[in-house]
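Using the hints provided, position chain W relative to the given structure of chain P.
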Amino acid sequence: MDFAIKFAFDIMAFTSVMVLIVLGLGVIASMMGIFNFAHGELVLLGAYTVYLCDEYGMGAWTGVILAPLVVGAVGLVLERTIIRRFYATPIIAMLGTYAIGLIIREIVRGLLGGHYKAIPEPVSGAFAIGGLEFSIWRSFIIATTLAVIAGCYLLLARTSIGLRVRGALENPMLARACGISTGRLYALTFAFGAALAGLAGALIVPLYALSADIGIRFLVQAFLSVMLGGVGTFEGPVLGAAAVGGMAASLPWVVIPVLADPLVFVIALVIVRLRPQGFITVGRL
Amino acid sequence: MNVATGAAALRQVRVRSSSLPLLPVIELAMLAALVATPFALASRPELITLMTNILILSLLALSFDLCWGFSGIMSYGQALFFGVAGYVVALVGRDLDFSQMWATLPLAMLVGALLAAALAAFLLLGRKTPTSIFVAFGTLTGAYAAERLVAGWQYVGAGNGLSSIKLMAFGNYEFVEGFEFYSVALGALVVVYLLSRAVVRSQLGLVLAGMRQNEERLAFFGYRVQVFKALIFTFSGAVAGLSGALYSYHQGFTGPTNLGPGLSTTAVIYCLFGGSGTLIGPVIGTIAIELLSYVLADTDAIRQFWPVILGVVLLVVVMFQPTGLLGLVVSPRERIGSFGARRRVG
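Protein sequences appear in the order of chains P and W. Using the numbering used here, read the first sequence as starting at -3 and increasing by one per residue. Using the numbering used here, read the second sequence as starting at 100 and increasing by one per residue.
These are calculated hints, taken from the structure and not from any lab test. Careful, some of the hints might be misleading.
To be verified - Which residues of chain W face chain P? A partial, calculated answer using Cβ under 10 Å:
1) 134
2) 136
3) 138
4) 139
5) 142
6) 143
7) 247
8) 250
9) 252
10) 367
11) 420
What the hints assert, rightly or not - Calculated from the model, a selection of chain W residues having no Cβ within reach of chain P, i.e. all distances over 12 Å:
12) 232
13) 276
14) 317
15) 327
16) 394
17) 410
18) 428
What the hints assert, rightly or not - Derived coverage of chain P by chain W (criterion: at least 3 residues anywhere in the stretch with Cβ under 8 Å from a Cβ of chain W; other residues may be distant):
19) 88 to 96
20) 217 to 223
For each residue, glycine too, the CB sits at the ideal point set by N, CA and C.
Same shape as in the complex, but just chain P:
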């Protein structure tokens, strides 16, 4: 029983990270219809920001707070200069964002010198409930993710920006005709998605050592999560991430680990093939 609770806790922490990454990816895919292949590198940039802050004595906490802002700004610049050219051609956008990702990743690799950098948890240690120990940092990740999901939901459902976003999502042409600047909305959305990626990167870097490939390991899983959940919804990607994250964390216990990893992809792909519209058929939010 103790083991089961610990196990569930670890799966939740891992899934929370997936949700953060997938949420950013899903927001961009839903709004603009492009799949951002550079998303893993935005995660990397978030992690790198924390590393830099830690290195220059500003403390990892500053880094965790700065990461979403910095990466969001990077996202804004990328959108204004490059990404916006690709909205009409989603397939070409894959190549373009892949190129951006490649450039960022290899530059960071060069800056890191190919080494792995370990970054301490900003708050280390654990707390105990009923004789069970829980890592504080992992709990913090789970709490942050829940807060972000709630925040996103409120933003979309309760604010006027959210209304405009939903309008542009539903019918971009009509939204433009109503005087909503979809271009600005897209820039904002991209920056927001990037900021979420940056936050995810900042949160995971103490768990995995910092290397240039820290983001890319999540990318394919994140894509599948978005498709699994359904593009164009808010809950879809979150559910998809939970499904894929849960599967990735628990399958190694069921089948041999060598098979588990590819199996996650195959299962997810088959489900997407059979249900291309995703878990949620009607785009509600």
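Relative to the frame of chain P, chain W by itself:
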């Protein structure tokens, strides 16, 4: 979000006054240069090895071009067929002690074709028409999953891959790196090139050209677009398989990275840089990029940032020069084909 918009925007059809046909001239010039290469480089065996490698990789680029340039399927899975065929010939050499090229090369093509057909059947055929995005992700995921599987599978050498692959043989003669292997690679490239040329200029090719320009319209004409896509995808799988087998024999080594999305994307870069939608484009692109990489690799500072340069090249190509190097010299009318280019509506 249909592929037609993407493909059409990539190569905007601008009907211009016709000029002299340039493509056949370029094709013949390339052939002459490639035939002359081993004689010109007779004193530099390492360069012949490099050129052999390039020829083999240009087969891979060609196979990607058949998918994307000619039928609008964005395939990140070419390396999957390439890699699996490479593993198959390596395993046949290791476990059956057999490497006669008259049997193993066709076997590799068959493996590539079957794998591609299976993937196409899953991704393309069926009651629900898939989106082009899904197909791109399907091929990407397939390659990625295969890479992870092979990297953990002891029988095929896991992360270390398979080394000291049995040399390719014909009768008692064994091919090592050098002039003979170069001839085999060039022969394979020429045969595949001519075959592809025949395919894309046939009636089938006419349907493909129509598909990449406006898939919906072709569907309305009554063509079963997905079946044609599956056909060309299978053919490209066979080409990639041949390339992978030659690559394994030539390198004497194959590893998990030969299966993954990384190599697939390299093939994409070769093809787009040279000019997709023409058959000679990928060959030129492969040669240009690999030679550049060879020249620049001497400098330490540049070698470290070579992937960055590749990224910049890809970005510049997709943003500013989607027709690649060939687009600079060959008119769009000629590039798109002799089926009568048509102005895109809307």
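Evaluation of the provided hints:
1. 134: Violated. Min distance 33 Å.
2. 136: violated (30 Å)
3. 138: Given a least distance of 37 Å, the restraint on residue 138 of chain W is violated.
4. 139: violated (34 Å)
5. 142: Check failed: Cβ of residue 142 of chain W comes no nearer than 35 Å to chain P, outside 10 Å.
6. 143: violated (30 Å)
7. 247: holds (5 Å)
8. 250: holds (9 Å)
9. 252: Hint holds; residue 252 of chain W Cβ to chain P Cβ min 6 Å, cut 10 Å.
10. 367: Given a least distance of 7 Å, the restraint on residue 367 of chain W holds.
11. 420: violated (12 Å)
12. 232: The claim breaks: residue 232 of chain W does not keep its Cβ more than 12 Å from every Cβ of chain P (closest is about 6 Å).
13. 276: The claim stands: residue 276 of chain W keeps its Cβ more than 12 Å from every Cβ of chain P (closest is about 30 Å).
14. 317: holds (18 Å)
15. 327: Since the minimum Cβ distance to chain P is about 18 Å, residue 327 of chain W lies beyond 12 Å and the statement holds.
16. 394: holds (19 Å)
17. 410: Non-interface label on residue 410 of chain W violated, nearest chain P Cβ at 4 Å vs cutoff 12 Å.
18. 428: holds (22 Å)
19. 88 to 96: holds (count 7)
20. 217 to 223: holds (count 3)
Against the hints set out earlier in the document, violations occur for numbers 1, 2, 3, 4, 5, 6, 11, 12, 17.
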